[in-house]
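Asker: Listed below are the residues making up each chain.
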Amino acid sequence: MKDRRNFLGFGLATGAAVTLTYCASEPAAKSGAAAALEDEGRDQLGKVVTAYGERSTFEKTARLVPDTKTPATSSSRTPLADTYGIITPNALHFERHHAGVPKIDPAEHKLLIHGMVDRPLVFTLDDLKRLPSVSRVHFVECAGNTGGEWGLKTAPDVTRSHGLASCSEWTGVSLKLLLEEAGVQKAAQWLLAEGADACKMARSVPISKAMDDAMIAYAQNGEAIRPEQGYPLRLLLPGYEGNINVKWLRRIKVSDQPFYTKDETSKYTELLADGKAMIFTLPMDAKSVITRPSGGQKLKGPGALEITGLAWSGRGKITKVEVSTDGGATWKPAQLQDPVLTKAFTRFRLPWTWDGTEVQLVSRCWDETGYQQPTREELVAVRGMNSNYHCNVRKTWKIAADGSVTNA
Amino acid sequence: MHSSWLLVCIVLAAASLCAQKLGVGRAASPDEVKAWDIGISPDGRELPPGAGTSIEGKEVYDRRCKRCHGDAGKGGDETALVGGLGSLATPRPLKTVGSYWPKATTLFDYVRRAMPYKNPGSLSDAQVYAVTAYILNLNGIVGASDAMNAQTLPKVKMPNAGGFIPDSRPDTGAGKKKK
Chain A
3 MKDRRNFLGF GLATGAAVTL TYCASEPAAK SGAAAALEDE GRDQLGKVVT AYGERSTFEK
63 TARLVPDTKT PATSSSRTPL ADTYGIITPN ALHFERHHAG VPKIDPAEHK LLIHGMVDRP
123 LVFTLDDLKR LPSVSRVHFV ECAGNTGGEW GLKTAPDVTR SHGLASCSEW TGVSLKLLLE
183 EAGVQKAAQW LLAEGADACK MARSVPISKA MDDAMIAYAQ NGEAIRPEQG YPLRLLLPGY
243 EGNINVKWLR RIKVSDQPFY TKDETSKYTE LLADGKAMIF TLPMDAKSVI TRPSGGQKLK
303 GPGALEITGL AWSGRGKITK VEVSTDGGAT WKPAQLQDPV LTKAFTRFRL PWTWDGTEVQ
363 LVSRCWDETG YQQPTREELV AVRGMNSNYH CNVRKTWKIA ADGSVTNA
Chain B
4 MHSSWLLVCI VLAAASLCAQ KLGVGRAASP DEVKAWDIGI SPDGRELPPG AGTSIEGKEV
64 YDRRCKRCHG DAGKGGDETA LVGGLGSLAT PRPLKTVGSY WPKATTLFDY VRRAMPYKNP
124 GSLSDAQVYA VTAYILNLNG IVGASDAMNA QTLPKVKMPN AGGFIPDSRP DTGAGKKKK
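Chains A and B, in that order, give the protein sequences.
Mind the numbering: the first sequence is residues 3 to 410 in the working numbering, read in order.
Mind the numbering: the second sequence is residues 4 to 182 in the working numbering, read in order.
Derived from the structure by calculation, the hints contain no laboratory data.
It should be emphasised that the depicted structure is a prediction, and the values quoted were computed from it without experimental measurement.
We put the beta carbon where it would ideally sit given N, CA and C, even for glycine.
Where hints are given, some of them may not hold.
Claimed, not checked - Covered stretches of chain A (chain B as the covering partner; in silico rule of three or more C-beta atoms under 8 Å from a C-beta of chain B):
| hint | segment |
| --- | --- |
| 1 | 241-255 |
| 2 | 273-283 |
| 3 | 367-374 |
Using the sequences and the hints given, assemble the complete structure.
Answerer: Right under this line is the structure:
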């Protein structure tokens with residue numbers, strides 16, 4: 003019995019040690035070994051079983067919530083440096099709302115499909131859950147993510163530079179199946195997707211995407227979608243900019259033309275240097291970023307550590323990620339975590355030894371269309387500085403000799 | 004005779020089964036559809052009856068919008084609804100209804116579905132037409148006594164109507180589209 007308690011105590015102590023980022027072997031040898039085997043007075047019984055679990059009280063990572071006068075039209079950001087693997091915990095999935103999070107009783111919620119269909123139909127949540135379900139892992143990324151990187155004054159940490167992207171396993175019904183149930187007419191080219199939030203957020207979706215991999219999702223990472231992600235129903239258009247993945251979905255109207263809603267004209271269009279703007283720029287292009295080490299962290303000293311990060315593309319699978327530790331002069335291929343999924347976060351890793359000198363870390367990726375993540379100079383050359391959205395440039399982190407990591 | 008009717012029934016049943024494969028969900032009534040059908044296409048086919056002029060719209064604006072969008076749409080706590088013409092190709096573009104929006108129908112659609120911000124849906128259709136006319140008039144797009152309604156609004160020519168081009172990505176690297 004005594005032995006078993008010691009074993010548990012050891013487990014807890016090493017668990018705590020993990021929070022010391024990039025602890026080099028030297029301090030661990032001095033203080034760690036003795037501490038690791040101490041019992042720390044945990045002889046009493048622990049907490050009893052609970053109905054809905056919570057994370058350890060030692061874990062503090064959280065979404066970054068900005069200070070704003072209009073929190074109902076705002077966004078919170080995922081702390082990507084503190085997530086592991088490819089799945090974003092539901093409580094940390096980024097948010098962007100235009101009129102707050104509505105409170106919706108799932109028993110009352112309805113989805114109307116009408117317009118250019120043979121049979122206008124109303125579905126309840128129960129109806130949808132009777133239909134064949136699909137589960138797929140996909141990222142959702144705000145079109146404005148990484149927007150701070152257009153300029154020369156870049157974001158200081160990965161939450162601020164890339165935190166408007168998250169990745170979940172989504173479960174729901176194929177939109178194609180619902181549209182076939184309603185009988186889409188020949189002339190149909192677009193559909194309007196509309197939410198049940200206060201501003202009835204609405205976007206036009208090409209019918210080709212709707213009949214491809216689109217889904218109506220009711221679950222996220224094994225549980226009902228969170229209210230801030232669209233409870234009880236959201237549209238999921240894999241790889242498309244976040245805003246078009248309409249949350250609190252209540253209506254789909256099939257049409258022969260797009261609607262030019264406020265959020266596909268005034269916003270989410272890309273103004274180029276000549277004053278023309280690209281419209282309906284829907285897929286998110288390939289992007290990668292190193293999440294550890296990254297801005298705001300401090301390395302404890304020279305030695306072995308892992309460089310890791312995330313790559314994703316709205317046009318398919320990531321095929322290759324390379325990492326440079328000399329600011330882009332030379333590159334090494336990173337390992338990609340299996341399985342590599344389409345339109346999903348892909349975790350990459352590269353074991354490395356920091357020699358204690360100042361270095362610049364940067365990653366670049368390719369997707370299965372052959373597309374390569376551009377440099378800032380390449381993107382600015384074609385889009386100018388007024389584009390705001392769809393910035394997918396490479397991100398460089400500088401490690402100073404004292405181990406502090408900043409934006410380069 | 005009897006058996007041929009039976010055959011017709013079977014064929015019809017098969018056809019409808021075939022059409023609605025799973026039979027899940029119920030038919031939407033025309034009234035239900037009408038109540039929710041608020042999205043306005045650029046040709047205005049969904050626009051409701053009613054009308055309003057800029058003169059009427061100023062009154063609505065000053066009571067319901069000015070607090071956030073400023074006097075005469077010049078911007079305040081919230082975004083400006085007026086101005087910015089000629090700024091799009093400069094280092095400081097001002098994107099407003101007047102300088103940037105390609106379709107006038109978007110203004111009616113958006114104000115009716117989402118404004119005023121804290122009480123969306125509280126304006127009558129005539130008030131939405133009127134405030135739409137006012138914002139267009141402030142931008143010099145329609146006259147002060149021009150009535151906006153289901154016929155006139157879709158015909159309004161916006162200054163930046165020709166300002167939008169299709170997605171031309173990929174625009175960098177080996178696979179970049181030829182211009």
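Asker: If a hint holds in the structure, say so; if it does not, say that too.
Answerer: Results for each hint:
{"no.": "1", "hint": "241-255", "in the structure": "holds (count 3)"}
{"no.": "2", "hint": "273-283", "in the structure": "holds (count 10)"}
{"no.": "3", "hint": "367-374", "in the structure": "holds (count 4)"}
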